[in-house]
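Chemist: Residues per chain, in single letters:
Number of protein chains: 2
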Amino acid sequence: MRWWFIAGVIGILLILLGLAMAVPLLVSLYYHDPAQETFLKSLGISMAAGLTLVILSKRKKRDDYINQKEGMTTVALAWTAIGLFGALPFYFSPEFITFTDAFFESVSGFTTTGSSVMTDIEAAAPSLLFWRSFIQWLGGMGIIVLSIAILPFLGVGGIQLYKAEVPSPVPDKLTPRLSDSAKILWVVYAVLTLLLIIFLLGGGMSLFEAACHAFTTMPTGGFSTRNASIAHFNSAFFDYTLIVFMVLAGINFTLHFQLLRGKTMIFWEDAECRFFLLFTLAMTLFMTWDLHGSVYQTFSEAFRFASFQVVSILTTTGFATADYETFPGLSRMILFFCMFVGASAGSTGGGIKCSRIIVCCKYVYRELFKIIHPRSISHVKVNAMVISNDVLRSIMAFITLYMAVFVLASLMLGVMGLDMMTAFGAVASCLGNIGPGFGSVGPAENFAHLPAAAKWLLSFCMLLGRLELYTLIILIVPEFWRK
Amino acid sequence: MRWWFIAGVIGILLILLGLAMAVPLLVSLYYHDPAQETFLKSLGISMAAGLTLVILSKRKKRDDYINQKEGMTTVALAWTAIGLFGALPFYFSPEFITFTDAFFESVSGFTTTGSSVMTDIEAAAPSLLFWRSFIQWLGGMGIIVLSIAILPFLGVGGIQLYKAEVPSPVPDKLTPRLSDSAKILWVVYAVLTLLLIIFLLGGGMSLFEAACHAFTTMPTGGFSTRNASIAHFNSAFFDYTLIVFMVLAGINFTLHFQLLRGKTMIFWEDAECRFFLLFTLAMTLFMTWDLHGSVYQTFSEAFRFASFQVVSILTTTGFATADYETFPGLSRMILFFCMFVGASAGSTGGGIKCSRIIVCCKYVYRELFKIIHPRSISHVKVNAMVISNDVLRSIMAFITLYMAVFVLASLMLGVMGLDMMTAFGAVASCLGNIGPGFGSVGPAENFAHLPAAAKWLLSFCMLLGRLELYTLIILIVPEFWRK
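If you read the sequences in order, they're chains Z and L. Take the first sequence: its letter number 126 is residue 126 in our numbering, and every next letter is one higher. If you want our numbering, it's the position in the second sequence, counting the first as 1, plus 1000.
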């Protein structure tokens, strides 16, 4: 393990983070809000720490080759460091008393979770709210991916970093050059964000709120500038606009790129995207049926609120237009199970991901088929491609590990005194990078009242979910450190 | 598919069932209770139906070879038929109004689940309570296994029937002859039951109650003759006696046989048994820690109630000495997760089973190991034996299917109007053949208030769990019926 190299990469990222803090500083200057000092201090500390690391690491030549172990360690430490330094603006703000809270909010932002410990969001300085949204946007497409896009020299050996941050089950590189792929992804992402800002402005939102919400919609983040989240606006136009963009954010971004290149039917041709869209529709109709007559009197109302909640949870955004804790059992169960499914691989969404669910279903069906035809040889195929046994094993292990983390983290929250439903909801939500949970962390509540230990554990779950388990878990396997 | 053959086997089983009904008839005569007519009618109908099937099937020669498809179909239909005809004594009793309720109680009995729809157990005729316990005892070691033991001619071609009823992940035959193996299992089972009766008599129970409770402990069934279950007796001696015998019932019965043959350390040498014992101990201590000071003031009291509840749920018995719904979140979560783990393969317990959990953990660890050493070739071993890839795949698919059934059945209960916790608890409990669940079907409640559709669905879940999914699920795969 070449620690100096890792320190150098983290140093670079912290410098970039410091530069990113200049944006809310400008917002602060524009609004004359009291957070200027906050951002100046945070910017200074981050830059200083970053420069120190870069200088200490004495990177005289650019080392091209990064092995997998170093890649995983770097990404795990980088995300932790960015969570820590990104917490500074929160920590220096009057809304946050403990560093635990600031770190939770920061990690919740960068991992695009959207769980919050802020009890009165609207009372905070506009620049702080902007920072809250901006870090979701930065985290959404991937911090490492962003770095590779803007610092092409990282891309040369950065494939290991890339794979550790975006461990999609079936990776598809867009172009032979990694830095070009990263650039394309970020451009598509930025264009969609811009488009959403225009739509929200058109619907009557202020530029500030339009930008903040677009910055948290496209990364499927879910932070809002309002205490009541999207329910505050109570507008069908905003609801449906956000539904469309949440769905777009939940689709593999390489498909958007292919769509732009003329493959007009790609959303339907791609097995994962087709599953994601049909599943979203099915769950929406299922929940509409449940809510119609029980909670909402008209079909159109039931459909509007059902579709928003389903899309918000399934894409792992976490916006709310209703308190689903007051919904009947069926609707609550639909949302609970949707938390595990998640969005598409290669999207900004979290959860287990649709492609893994598809493979898992086909894996089970193949087993049933084998009982009926014991001598048959059958393969699991997705998009007419045979999934290799290695990938199959890895996907089955991933899903099992995901459930194991859910069980262990829930029990640990139980040790800290949380009740069963709150523990289940909090872990499912944070591990899936969603936002609201169930019980005392439902959409009408927040995470402020949890004990400090629970906040650290849930922050860890968010990182686990964002880096898709292996990158972080592998570091706590003793075998990793042997020899 | 040779339907006449299947009908013949089911006919034989119904005749045996009719003969079994003579036992509660004798109990009824002894107690002069009003259920004599009930059992006479039920006996007559079962025998008549059985004889009709046997005669109609015109089995002139004994067909030795049964293929796997026929085996699975036979076992699935046989268990359904036995559930239906075993329900007759309940249906003819004043305590049961609908056939739905009678069928639910009967299936809950034969599958050794122990969920009940009886609201006042103590008011029922002794012979009916005896029947309730007796069917658990008959179902515990397997109805097919019993038939093979007492009708050796079934054993010749009956290996497919045996495998369909006892689809243990790593099957171990005791002797070359199946009927001998079946006999050994039943003798061990009967001896342990007798031993438990003696212990309970020694503790001061009446012979009737001792027999009834022994008949529901050894098959990890969980029906009691008392409304308050084992809490009624409020005796540390009974609690610990039952704990010991529940644990024995949760151990692979081939190990008991090996122990009798002099392998004194076999419980420790066997990987699954060691895991089962250590896991039980760990969960007990974990829960004792949670309950001590919060619910129970002394350590010994906390340990007594924690160990009973953990053992009862983990062995999938379902007896209760406390209402765990009033326990803190951690204890409830421990019990909820234990519902999925279950007991050992080859025991009378249900759930996913320890051996599958062990293999699953090793499967995931191997995947982590492979990330660290990509070129390594490593096997999953249990008891120093390499688990083949076929078995591995089958186990991973089993666990996934188990969770999928849990999700689907919970949603279907949601459609019927049940709340989330009740739906989760009811399905986990019935699928694991446990008994009590959570929410409105907790240990202090019963299943009487559920809608009829929910009772049929849960009965199906019990059968699914008892026959370990594949035997029943395969019948609803269209591919099974093709050609």
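Just to be clear, a hint being listed does not mean it is correct.
Restricting the straight-line Cα-Cα distance to at most 25 Å, the calculated cross-link-like pairs of lysine-lysine (BS3-like) are [what the hints assert, rightly or not]:
| # | chain 1 | residue 1 | chain 2 | residue 2 |
| --- | --- | --- | --- | --- |
| 1 | Z | Lys362 | L | Lys1483 |
| 2 | L | Lys1069 | Z | Lys362 |
| 3 | L | Lys1263 | Z | Lys370 |
| 4 | Z | Lys69 | Z | Lys263 |
| 5 | Z | Lys69 | L | Lys1263 |
| 6 | Z | Lys163 | Z | Lys69 |
| 7 | Z | Lys370 | L | Lys1163 |
| 8 | Z | Lys163 | L | Lys1370 |
| 9 | L | Lys1362 | Z | Lys483 |
| 10 | L | Lys1069 | L | Lys1163 |
| 11 | L | Lys1370 | Z | Lys362 |
| 12 | L | Lys1263 | L | Lys1381 |
| 13 | Z | Lys183 | Z | Lys163 |
| 14 | Z | Lys370 | L | Lys1381 |
| 15 | L | Lys1483 | Z | Lys370 |
| 16 | L | Lys1362 | Z | Lys362 |
| 17 | L | Lys1370 | Z | Lys483 |
| 18 | L | Lys1370 | Z | Lys381 |
| 19 | Z | Lys370 | L | Lys1069 |
| 20 | Z | Lys58 | Z | Lys69 |
| 21 | Z | Lys69 | L | Lys1362 |
These are computed hints drawn from the structure, not numbers from a lab.
Chemist: Compare the structure with the hints numbered earlier in the document and write down the numbers of the violated ones, lowest to highest.
Modeler: Hints 3, 4 and 5 not satisfied by this model.
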